[in-house]
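**Student:** Please take these sequences and the hints and turn them into a complete structure.
Protein chains in written order, with this note's numbering: chain A, 1 to 356; chain B, 1 to 164.
Calculated from the structure, these hints are not laboratory results.
Treat the hints with care, since some could be wrong.
[Stated by the list, open to error] With a cut-off of at most 30 Å between alpha-carbon atoms, the simulated DSS-like pairs for lysine-lysine come out as follows:
hint, chain 1, residue 1, chain 2, residue 2
1, A, Lys38, B, Lys40
2, B, Lys147, B, Lys162
3, B, Lys147, B, Lys40
4, A, Lys52, A, Lys38
5, B, Lys40, A, Lys52
[Claimed, not checked] Simulated restraints, written as ranges between beta carbons of each label pair:
hint, chain 1, residue 1, chain 2, residue 2, range
6, A, Asp5, B, Thr8, 26 to 32 Å
7, A, Arg284, B, Arg138, 48 to 54 Å
8, B, Pro17, A, Pro218, 47 to 53 Å
9, B, Asp124, A, Asp186, 40 to 46 Å
10, B, Gly102, A, Asp64, 53 to 59 Å
11, A, Arg207, B, Cys42, 32 to 38 Å
C-beta: ideal position from N, C-alpha, C; glycine also.
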Amino acid sequence: MNLFDYVRPTSVAEAVTAAASADAAYLAGGTNLLDLMKGGVRHPGRLVDITKLPGLDAVETLADGSIRIGALVKNADLARDPTLLAAAPAVAEALLSGASAQLRNAASVGGNVMQRTRCAYFYDPESACNRREPGSGCDARGGDTRGQAILGWSDACIATHPSDFCVPLAALDAVVEVAGVDGSRDLAFDALHNLPGDDPSDETALRPGELITAIRLPAEVRRFAPNARYLKVRERTSYAFALVSAAAALDIADGVVSEARLTLGAVAAKPWRAHAAETALVGRPVTAETAREAAEAALADARPSGDNADKIVLATRVLARAITLAAAGTPERMPALPGSVFAAVPAQTATGAIHG
Amino acid sequence: MTLTLTLTVNGERREVPLDDARPTLLDVLRERIGLTGTKKGCDRGQCGACTVLVDGRRMNACLTLAMSVDGAEITTIEGLAENGALHPVQAAFVENDAFQCGFCTPGQIMSAVGLIAEGEAGDDPERIREGMSGNLCRCAAYPGIAKAVADAQKRLADNERKSA
Chain A
1 MNLFDYVRPT
11 SVAEAVTAAA
21 SADAAYLAGG
31 TNLLDLMKGG
41 VRHPGRLVDI
51 TKLPGLDAVE
61 TLADGSIRIG
71 ALVKNADLAR
81 DPTLLAAAPA
91 VAEALLSGAS
101 AQLRNAASVG
111 GNVMQRTRCA
121 YFYDPESACN
131 RREPGSGCDA
141 RGGDTRGQAI
151 LGWSDACIAT
161 HPSDFCVPLA
171 ALDAVVEVAG
181 VDGSRDLAFD
191 ALHNLPGDDP
201 SDETALRPGE
211 LITAIRLPAE
221 VRRFAPNARY
231 LKVRERTSYA
241 FALVSAAAAL
251 DIADGVVSEA
261 RLTLGAVAAK
271 PWRAHAAETA
281 LVGRPVTAET
291 AREAAEAALA
301 DARPSGDNAD
311 KIVLATRVLA
321 RAITLAAAGT
331 PERMPALPGS
341 VFAAVPAQTA
351 TGAIHG
Chain B
1 MTLTLTLTVN
11 GERREVPLDD
21 ARPTLLDVLR
31 ERIGLTGTKK
41 GCDRGQCGAC
51 TVLVDGRRMN
61 ACLTLAMSVD
71 GAEITTIEGL
81 AENGALHPVQ
91 AAFVENDAFQ
101 CGFCTPGQIM
111 SAVGLIAEGE
121 AGDDPERIRE
131 GMSGNLCRCA
141 AYPGIAKAVA
151 DAQKRLADNE
161 RKSA
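**Tutor:** So this is what it looks like as structure tokens:
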């Protein structure tokens with residue numbers, strides 16, 4: 001790890017001023033940043049430790065009914081928060097499907113959202129990576145592409161965003177509160193992460209030195225609470241990043257979907273909101289057939305970025321199954337294996353047809 | 001630049017001068033305070049061998065910058081036994097043969113103490129396995145570990161009932 005300057009500001013204003021230099025990085029839980037620094041992937045000249053900043057560690061309901069989650073709330077605490085569990089259970093399920101209990105106790109809301117791709121070529125300083133070093137090339141092309149994108153990728157970069165938490169946030173139209181030296185602003189969650197384009201090193205819409213202070217969920221997310229799930233396929237039962245994941249939140253009236261919110265994870269450089277699939281589902285009951293048709297609409301534009309065409313099939317099936325699980329109802333108690341395909345399937349859908 | 005790190009480790013207040021802010025909590029515990037019970041396995045947050053309690057919550061000491069927990073209370077494996085009597089989780093690991101080589105064991109035990117304090121797993125074997133998934137055991141002593149955690153959980157709950 002390189003030597004760095006270490007500062008511990010006591011207010012957001014102090015923090016954004018301290019982070020104004022180009023090679024500064026914010027430190028919260030550190031679960032991703034320290035790993036990257038140990039691996040020689042990141043070499044910040046200054047760490048701005050925001051862990052002691054006041055006022056950023058609460059989950060509160062605002063006057064308009066929206067839920068404001070402070071950026072320093074730990075992933076584990078958010079997943080257990082009664083307000084969140086009642087209003088947006090799929091967010092809790094996604095959080096609990098990610099990492100380990102130790103990491104969730106350390107990792108913050110803001111840090112989860114700002115975590116970097118787990119592309120092995122990004123993590124290996126000896127490999128060419130346009131995301132890590134603009135213009136150096138992309139060794140992931142033609143390499144191991146199992147974890148790489150099938151949507152929204154470019155010739156410059158085929159990496160995916162690894163967060164589980166971000167997938168339901170995108171589905172639920174979350175808002176990101178950001179502070180900078182020029183003041184504060186709100187950002188639509190869907191506008192936070194950039195697709196790679198020609199310069200994948202430009203990863204987010206944040207300006208240099210800007211700090212995420214909170215994430216808000218609109219009051220209307222409660223409509224989806226009775227029918228909201230997160231589903232994640234990974235290479236072991238627990239404690240692994242997603243190969244493909246999906247968040248499905250449905251508003252069902254008289255057996256017919258009146259509104260659907262569907263997002264895929266680990267298929268692109270950002271959580272992939274599937275608007276076409278949402279439209280395909282509205283006005284119809286959820287059946288094995290309508291779920292599959294919606295999922296196929298979500299993947300209509302997908303194309304393999306290498307030897308990973310199987311992920312298109314996998315993503316179609318995972319989304320169809322997430323829709324079916326959501327329609328069956330949010331479980332009263334968090335499943336023993338949150339987000340897992342190995343969790344018990346509700347009786348009314350245990351027909352085998354959910355695999356599409 | 002000299003920094004002073006203040007920690008309460010296993011009930012004892014420690015002031016550790018640091019040349020710079022690079023040391024992790026794991027390195028401070030092992031190299032500066034001399035508590036080598038906490039193990040360095042992967043050093044990248046993947047194996048759980050370095051699990052300690054920070055203000056009562058289990059965390060990976062290897063991914064925790066020591067200065068970022070300045071002022072915290074740390075509990076390590078050395079701080080569990082009281083007056084020479086094993087902590088119920090330690091005793092349950094012995095009774096259930098929940099280890100082979102023993103390298104991951106301090107981390108497993110600290111993680112189990114954290115899991116039981118979280119109070120969500122109960123004696124459900126699947127919830128225990130999921131709750132312990134951040135601790136790898138390359139000897140694959142997992143059946144014994146899961147059983148030890150369930151036993152310890154039951155014992156601690158019984159103790160609580162008796163003292164209530």
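**Student:** It remains to establish, for every hint, whether it holds in the given structure.
**Tutor:** Cross-check of the supplied hints:
1. A:Lys38 to B:Lys40: holds (14 Å)
2. B:Lys147 to B:Lys162: holds (23 Å)
3. B:Lys147 to B:Lys40: With a Cα-Cα distance of about 25 Å, the restraint between Lys147 of chain B and Lys40 of chain B holds, given a limit of 30 Å.
4. A:Lys52 to A:Lys38: holds (23 Å)
5. B:Lys40 to A:Lys52: With Cα atoms ~27 Å apart, Lys40 of chain B and Lys52 of chain A stay inside 30 Å; holds.
6. A:Asp5 to B:Thr8: 26 to 32 Å: holds (27 Å)
7. A:Arg284 to B:Arg138: 48 to 54 Å: Holds - the Cβ-Cβ distance for Arg284 of chain A and Arg138 of chain B, about 50 Å, lies within 48 to 54 Å.
8. B:Pro17 to A:Pro218: 47 to 53 Å: With Cβ atoms ~49 Å apart, the hint holds.
9. B:Asp124 to A:Asp186: 40 to 46 Å: holds (41 Å)
10. B:Gly102 to A:Asp64: 53 to 59 Å: Holds, since Gly102 of chain B and Asp64 of chain A (Cβ atoms, about 55 Å apart) stay within the stated range.
11. A:Arg207 to B:Cys42: 32 to 38 Å: Since Arg207 of chain A and Cys42 of chain B have Cβ atoms about 35 Å apart, the given range 32 to 38 Å holds.
No hint from the list above goes unmet by this structure.
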